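Listed in order, the protein sequences are those of chains A and B. Residue numbering for the first sequence follows our numbering, beginning at 4 and increasing consecutively. Residue numbering for the second sequence follows our numbering, beginning at 4 and increasing consecutively.
Note that these hints are calculated values from the structure, not bench results. Errors might be hidden in some of the hints.
One copy or two, it doesn't matter: identical chains are merged, so the pair holds either way.
As the list claims (entries may be wrong) - List of simulated lysine-lysine pairs, BS3-like, C-alpha gap at most 30 Å:
#, residue 1, residue 2
1, K324, K152
2, K209, K152
3, K235, K11
4, K195, K307
5, K313, K152
6, K152, K47
7, K209, K47
8, K47, K324
9, K313, K246
10, K159, K47
11, K246, K47
12, K195, K11
13, K47, K11
14, K324, K166
15, K209, K11
16, K209, K159
17, K166, K47
18, K313, K47
19, K292, K47
20, K307, K152
The structure presented is a predicted model; accordingly, all values stated were derived computationally and were not measured.
Number of protein chains: 2
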Amino acid sequence: MRYTPVSKIGERPLISLISNIFRELPDGIILGAGPDDCAVIDIKESSYLVVTTDMLHRMTDFPWQMSPWQIGWMSAAVNLSDIAAMGARPLGVLAAIGLPIDTDVAFAEEIARGMRDCAREYDTAIIGGDIDTHDELTICGTALGTVPKEQLLTRKGAHVGDKVCVTGYAGAAGAALYALENDINAPDSVLKALLEPTPRINEAMKLASMGHVTSMMDTSDGIAMSLYDLSKSSEVGFRLQEKMLPLQPEVEELMSFNRENLYSMALYTGGDFELIFTVRPEGIEDVLKLGNISMIGEVVHQEKSISIQKSDGTVLQVERKGYEQLKIADNT
Amino acid sequence: MRYTPVSKIGERPLISLISNIFRELPDGIILGAGPDDCAVIDIKESSYLVVTTDMLHRMTDFPWQMSPWQIGWMSAAVNLSDIAAMGARPLGVLAAIGLPIDTDVAFAEEIARGMRDCAREYDTAIIGGDIDTHDELTICGTALGTVPKEQLLTRKGAHVGDKVCVTGYAGAAGAALYALENDINAPDSVLKALLEPTPRINEAMKLASMGHVTSMMDTSDGIAMSLYDLSKSSEVGFRLQEKMLPLQPEVEELMSFNRENLYSMALYTGGDFELIFTVRPEGIEDVLKLGNISMIGEVVHQEKSISIQKSDGTVLQVERKGYEQLKIADNT
Chain A
4 MRYTPVSKIG ERPLISLISN IFRELPDGII LGAGPDDCAV IDIKESSYLV
54 VTTDMLHRMT DFPWQMSPWQ IGWMSAAVNL SDIAAMGARP LGVLAAIGLP
104 IDTDVAFAEE IARGMRDCAR EYDTAIIGGD IDTHDELTIC GTALGTVPKE
154 QLLTRKGAHV GDKVCVTGYA GAAGAALYAL ENDINAPDSV LKALLEPTPR
204 INEAMKLASM GHVTSMMDTS DGIAMSLYDL SKSSEVGFRL QEKMLPLQPE
254 VEELMSFNRE NLYSMALYTG GDFELIFTVR PEGIEDVLKL GNISMIGEVV
304 HQEKSISIQK SDGTVLQVER KGYEQLKIAD NT
Chain B
4 MRYTPVSKIG ERPLISLISN IFRELPDGII LGAGPDDCAV IDIKESSYLV
54 VTTDMLHRMT DFPWQMSPWQ IGWMSAAVNL SDIAAMGARP LGVLAAIGLP
104 IDTDVAFAEE IARGMRDCAR EYDTAIIGGD IDTHDELTIC GTALGTVPKE
154 QLLTRKGAHV GDKVCVTGYA GAAGAALYAL ENDINAPDSV LKALLEPTPR
204 INEAMKLASM GHVTSMMDTS DGIAMSLYDL SKSSEVGFRL QEKMLPLQPE
254 VEELMSFNRE NLYSMALYTG GDFELIFTVR PEGIEDVLKL GNISMIGEVV
304 HQEKSISIQK SDGTVLQVER KGYEQLKIAD NT
């Protein structure tokens, strides 16, 4: 057989190949390895157990400006964000930590404190783990949660006519990374989105309990990639309104020299760990009342694809690009 | 504060430091990060959820002779072994896989098939995961299981007078590694212990349901280290009988030039993924009837420490050494 390096085929096609090997599931596993943020297990009469795992590395996931406490916070936060994406309440977090042998013990302890503080912020804890040595600092987190069965949210369920919403600001983490990489002085409020992301656990539980949300996921790979994922699972298209994208005022200021870039950033950069979700039209008013939520467009027929209307009325196709771990062309 | 690299303090002291940071647990977490193989969560009336995570690396955990299928098998097996250690039934396995970018896609698929086949062997499945790129092949597995509350087994519970038992052979994986490292021709039956370890799920569930077992863990770090861990949790000592250590006949043959080394191997090498457990005296007969189980000694008072009686009657102290990930002096 011909040699094909994984770098040639792209992250999502590789995930498809591997998920296919794992496709057979025993009874009681509602959703397995594949498109959603968590696996879903039917563990008792009234609620599902959801579980997710994410591996982070020094080189690709932790900007050099991150403190060890922030590295720990981030490692818990990305996993809790996946729990939030299903509408679930966190039950616990596990952490497998691979440390270079020259790591200062105090640095390792700060990582642990960051993880603990993030878990505690969301009324949960680090309940287990593994420590060993590794060439590169590597942290693999696992988070568990529970959700009442009727409140489980997945990427499947969006209907034509539903409204599309996001929590928080769009592209804030991308702007922070841009500032760090280009030595631009950015305020803490911008840097925080990248260095101390906020998993939307509380918002997610409220949204799930209201019953108006039809599909949900987090925006860790960017809004554009998330829309493509929702589109595939729900078999729908999307029409966004550019002017409705929630931009952080400090980011607008930071990027004022290039507003075109600003909107690209909002659509195509990842790392925000906000929620993107679809809402039945009759529920949108109640949902927006929760605060810190913006309506950015609506669900359309799948054949209309994914597009964005600019302020001048022109409509552009949203490209299938964003933050992918393998950082290579995706040819699906 | 003075710089202390993690390589200086040893794996178990580092785990103690980090576990201490994670010591506060919310309600419903019965056992958290710390001495046991799994965290234990009170998830419903009749049973506990147990969960464990382990990170494995190309350089330290996968001998070069391992096939990609065996790498996958091993990654699932080590986590299932931790589930077994608690007496639990597997519920599912998650796998976060970090692949070097030049990994052949076919190699990655074989890893996935190995994981799937191991999970399937124990009536479970790979239910979720994460894939990204990494300098060194890194696989972080997470396994979940459930156990009826009254059947949960931990490292705490051994009493003076209990019998000490192990499943399978002692030191088989160590002998295989010795053969590989010294270019000695070893039969497949020996190599398999190292390259395709068998998590003792079925034995563990039977043992847990019988009610005679008072404490249990797996022997992945070697019998000696496991006894020290059981000793610390249960506050007891142990007296082993050297002649009762279950040696694989092929290993005896392989090491026939050096029988002294053979017993060291059985005590101090890891990688076996057998179970070590203590049994109430009145239950020992029933337990041994299960087969593939050997009684190797008994529980004594803690002040008697951990010792082994040799065939000639002399008694030696069992040293606190074995396979530790950090492979450095442990000074607790």
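Tested hints:
1. Taking identical chains as interchangeable, the C-alpha atoms of K324 and K152 are never at most 30 Å apart, the minima being 33 Å within one chain and 48 Å between chains.
2. Taking the closest pair of Cα atoms, K209 and K152 come within 30 Å of each other only inside a single copy of the chain (15 Å); across copies the shortest separation is 32 Å, beyond that limit.
3. In this assembly of identical chains, K235 and K11 lie within 30 Å of each other by CA distance solely inside one copy; the values are 22 Å within and 51 Å between copies.
4. For the homomeric pair K195 and K307, neither the shortest alpha-carbon distance inside one copy (36 Å) nor that between copies (55 Å) is at most 30 Å.
5. Taking CA atoms no more than 30 Å apart as the test, K313 paired with K152 passes in neither setting, with 39 Å inside one copy and 59 Å between copies.
6. Proximity of K152 and K47 under a CA criterion of 30 Å is satisfied in both settings, with 9 Å inside one chain copy and 15 Å between copies.
7. In this homomeric assembly, K209 and K47 come within 30 Å of each other (Cα to Cα) both inside a single copy, at 22 Å, and across copies, at 24 Å.
8. Proximity of K47 and K324 under a CA criterion of 30 Å is satisfied in neither setting, with 39 Å inside one chain copy and 43 Å between copies.
9. Taking identical chains as interchangeable, the C-alpha atoms of K313 and K246 lie at most 30 Å apart only when both belong to the same chain, with a minimum of 7 Å there against 81 Å between chains.
10. Proximity of K159 to K47 under the C-alpha cut-off of 30 Å is found in both arrangements, the shortest distances being 23 Å within a copy and 28 Å between copies.
11. For the homomeric pair K246 and K47, neither the shortest alpha-carbon distance inside one copy (45 Å) nor that between copies (48 Å) is at most 30 Å.
12. Taking identical chains as interchangeable, the C-alpha atoms of K195 and K11 are never at most 30 Å apart, the minima being 34 Å within one chain and 34 Å between chains.
13. Taking the shortest alpha-carbon separations for K47 and K11, neither the intra-copy value of 42 Å nor the inter-copy value of 46 Å comes in at or below 30 Å.
14. Within a single copy, K324 and K166 get their C-alpha atoms as close as 22 Å, which meets the 30 Å cut-off; across copies the closest is 62 Å, which misses it.
15. In this homomeric assembly, K209 and K11 never come within 30 Å of each other (Cα to Cα): the closest approach is 41 Å inside a single copy and 47 Å across copies.
16. For the identical chains of this complex, K209 and K159 are intra-copy neighbours only, at 19 Å inside a copy versus 41 Å across copies, given an alpha-carbon limit of 30 Å.
17. For the homomeric pair K166 and K47, neither the shortest alpha-carbon distance inside one copy (33 Å) nor that between copies (37 Å) is at most 30 Å.
18. With identical chains, the CA atoms of K313 and K47 are never at most 30 Å apart, being 48 Å at best within one copy and 52 Å at best between copies.
19. Taking the shortest alpha-carbon separations for K292 and K47, neither the intra-copy value of 33 Å nor the inter-copy value of 35 Å comes in at or below 30 Å.
20. For the identical chains of this complex, K307 and K152 are neighbours neither inside a copy (32 Å) nor across copies (53 Å), given an alpha-carbon limit of 30 Å.
In terms of the numbered hints stated before, the structure departs from hints 1, 4, 5, 8, 11, 12, 13, 15, 17, 18, 19, 20, listed from lowest to highest.
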